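Enquirer: With chain A held as given, fit chain B onto it using these hints.
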Amino acid sequence: MASIDIIREEELHDGHDEHHHHDDHHDDHHGDKYQSNFITTYIFSTDHKMIAKQFLITGMFWAIIGALMSLVFRLQLGFPEENMAWLKPILGKWITVTDGVGTLDPEFYYALVTMHGTILVFFVLTAGLSGTFSNLLIPLQIGARDMASGFLNMLSYWFFFLAGAVMFASLFLSTGPFAGGWTAYPPLSALPQAMSGSGAGMTLWSVSLVFFVVSVLLGGMNYITTVLNLRTKGMTMWRLPLTIWAFLVTAILGLLSFPVLVSAIFLLIFDRSMGTSFFLSEIFIQGQALENVGGSPILYQHLFWFLGHPEVYIIIVPAFGIVSEVMSVHARKPIFGYKAMVLSILAIAILAFIVWAHHMFMSGVNPFIANIFVLFTLIIAVPSAVKVFNWIATLWGGNIRFNTAMLFSIGFVSLFISGGLTGIFLGNSAIDIQLHDTYFVVAHFHIVMGIAAFFGMYAGVYHWFPRMYGRFMNETLGKIHFWGTIIGAYAIFWPMHYMGMAGVPRRYYRFDNFEAFSHFTAMNQFITVAAIIVFSLQVLMVINFFYSIFYGKKQTELNPYNANTLEWTVPIGAGHGNWPGAIPHVHRWAYDYSKGGRNIHQTEPLSPGEQDMGNDHH
Amino acid sequence: MAYTLDRTYEERLMRFRSQRFGMYLAMAGIVMLFAALTSAYIVRRSAGNWLEFTLPTIFYWNTLVILTSSVTLHLSWTSFKRGLQSQYRIFLIATFVLGLLFLVMQYLGWQQMTAEGLYLQVNPSASFIYVISGVHAAHIIGGVGALIVAIAHAIKLKFKVTSIRKHRFELVVIYWHFVDLLWLYLLVFFIFI
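Residue numbers (our numbering), protein chains in the order written: chain A, 456 to 1073; chain B, 1158 to 1350.
Bound conformation, chain B alone:
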């Protein structure tokens, strides 16, 4: 008898289901990355010589953008499950646009900081904002990449609600909500700590 990787459909489905668990693990790793960065922020702040300043206002508007993108992605997800093809596509593309908008506005936020004289090198308090929001933006770029793949699937493949496709799309949805929540955490952290 020959060797095959997934002998039965159940084996293949089990492998797909396990990928959602793998996504949770990846999120745990990312949480540790930001836990390290934000705790470094706290430790460094308590050591003194810390320049206090107010966050650029764009960051607040941008929070609205990323929260909206989660709403549109959720609508896309529920539309997909209900078999509503056009709404699924439209909301997915809307999410992608909002994701791009978030990146652009983060960049404008950094420019606003620089315009106020808060250069990267001025004080660790400013450096931390740039680095932490920059590392977060890198994770948004990853999410935008995943959205591009999801859009390609939505447009190219014949529309069908299958469990394997659901699992695949779900991975994108989970990750996007995660990086959204991550930004919310960072914003609250920057405001109150």
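Next comes chain A alone, as it looks inside the complex:
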């Protein structure tokens, strides 16, 4: 360290340009100069704790928009004959009123479905989930004062905001937002004249997604760098809480897969505006033959799903981590099979990159190649089953606190099993001939990566709410939220399996004019009613959230759950830098709950002869 001391004096005058580095280390008595006024504290903050809240609240905004869209198209599916004229003040020209009866414009129905998917997958379950909890927990749980670069972290949020602003603007276009499905397959996405949303709507969609990818990459680079480089003394990789492992793997997945989506969008933009033929070939549109020759729409699908499949793990892996942590804390037991949990996350992450073509079984993929993808897809069941087994084993014999966070964690496991099992059916290319593009697929992915990821997010929000706001959320409202949501979610998606098995296709505007599906009318109505009830429960959660920020029960103890991890050593309402003094050192793994009848914090040194997961000799 001698060499460092020599250059130390010189560098104080180096005129370094990053704001937060201005506080010189030789003066411990002033706070963070950058985070000093309203704008730098609440808007352009570089503090990871504030950025986490920004991601969460922006994600909540988008969740409400996305869910409201689903209610509109559920009304259409459940009650296609009903008068929708009352929606005209909001939806305007997308409701056509003839003889006093309002009907939803079919093109806009597709736009709603498309936007619902895009918003929920990217803005809510990627940015809102991984963005929120990676930001909140990585520095706090590994013992760092902030991310490796607070500035890039701030940019990450603002690129997300920009992506959202562009997408939001597209909702108000006179031709409507993009309507060709969240996967944006060409030719609907490649030809501006293909449908009304394919023009300006698709342009804004692609611009928005490029901004979004920039946000994910800036965030991901920061998360990986921080976890691998800025851990406090003693925090070896095998002592990391599972949340951190999950966020690390999520960020790696994003870093390696999102650039591929960008390449697809680049080529798409050239096809749209420069007349190239990457994805277009021999197309007639409105009786007019186009000049494009030689392109391949399948090529787009390969590029898209090379991101698209890892993307579903980017969504669910953070939930794995959150649920593992919350369960261990509230079952007062060490997580069962810690290393198996880590290795199964890694196995799932590796497999994520070699299964993408199972989204394309019916797109003309060579059936022999499809078999390889079937094989790898089914192998994912193994690490997934390991995780489920370990969660159940963690609960087994635990001294369980059935609070809202724990309930959502248990609910997550239930949903992950139900939705995961149907994945085994869909992963078979033969069964996929019947099930592809039906409501069976809709039911599968909504349960396993939609609702389940939401449950992981809710578990995290209820559990770490005091860490964010110094208050607790209301437990009674939380439990109503939980029970209503788990029953309601199953009520919505369970019946869809039967519809899918009967061949009811997804994305259709109405079914009542198909004789074969007429017996599902009552089921569709039931699903719509359940969706409305579940939505109102989420509104209850949002009310609980904002009410509790200001009026919730105050956090009085530093470590209210008696948890072992470092985030509970940070003072309530801590400023930028997290620990006012030195960063605590770590001496053991995060899960010594009820060890020898007591709970041992990570900061407590090992007693002589005690073995530990992070020890070199085991």
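The hints are simulated quantities; they were obtained by calculation from the structure and are not laboratory data. Fair warning: this is a prediction, and the values are worked out from it, not measured in the lab. Heads up, some of the hints might be wrong.
Pairs of lysine to aspartate or glutamate, EDC-like flavour, derived with a Cα cap of 20 Å [stated by the list, open to error]:
(1) A:LYS504 x B:GLU1273
(2) A:LYS548 x A:GLU562
(3) A:LYS688 x A:ASP1067
(4) A:LYS688 x B:GLU1167
(5) A:LYS688 x B:ASP1163
(6) B:LYS1315 x B:GLU1327
(7) A:LYS688 x B:GLU1168
(8) A:LYS504 x A:GLU1022
(9) A:LYS794 x A:GLU1065
(10) A:LYS688 x A:GLU1022
(11) B:LYS1238 x B:GLU1327
(12) A:LYS688 x A:ASP1047
Expert: Coordinates of chain B only, in the frame set by chain A:
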């Protein structure tokens, strides 16, 4: 006690060191972008209806330009570490000029293609060359921007070889060598695949 971001000099240095690692991650992301584009090229090529043509000769001369720029940047870097201020500045500016020259010559290369009738829209084989070399040129522009910042530091700040400055300059050096190698990969790819 008040909160500060980097309480000790070691914490600050650790943060700086970690930025080099972050740069490697950014490079991994860029590699994936070009891996996707070039594998799309292979997939599309194997589907047939593929116009074969020879690359514009300017692309070969330009390879020489970008390789030379890496050499000058390396010389600037070693001069910086040895404390040779004027050589550090001269080689840095030379790198910047060569970087600009590369961009200009890429543009001339595209013009040469167009002059030969290989318009962007003619065939995906030509479209891919434009798009892939264009996306690469965008990354060179980023590198030129970084060089401008490095030159501003070299001229404005009092010359001192400190570890934090070394880390900062090293980021530029790593990135520039990376986009150089990336072009080499693309050229070899275009020739042989």
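Enquirer: Which numbered hints turn out to be false for this structure?
Expert: 1
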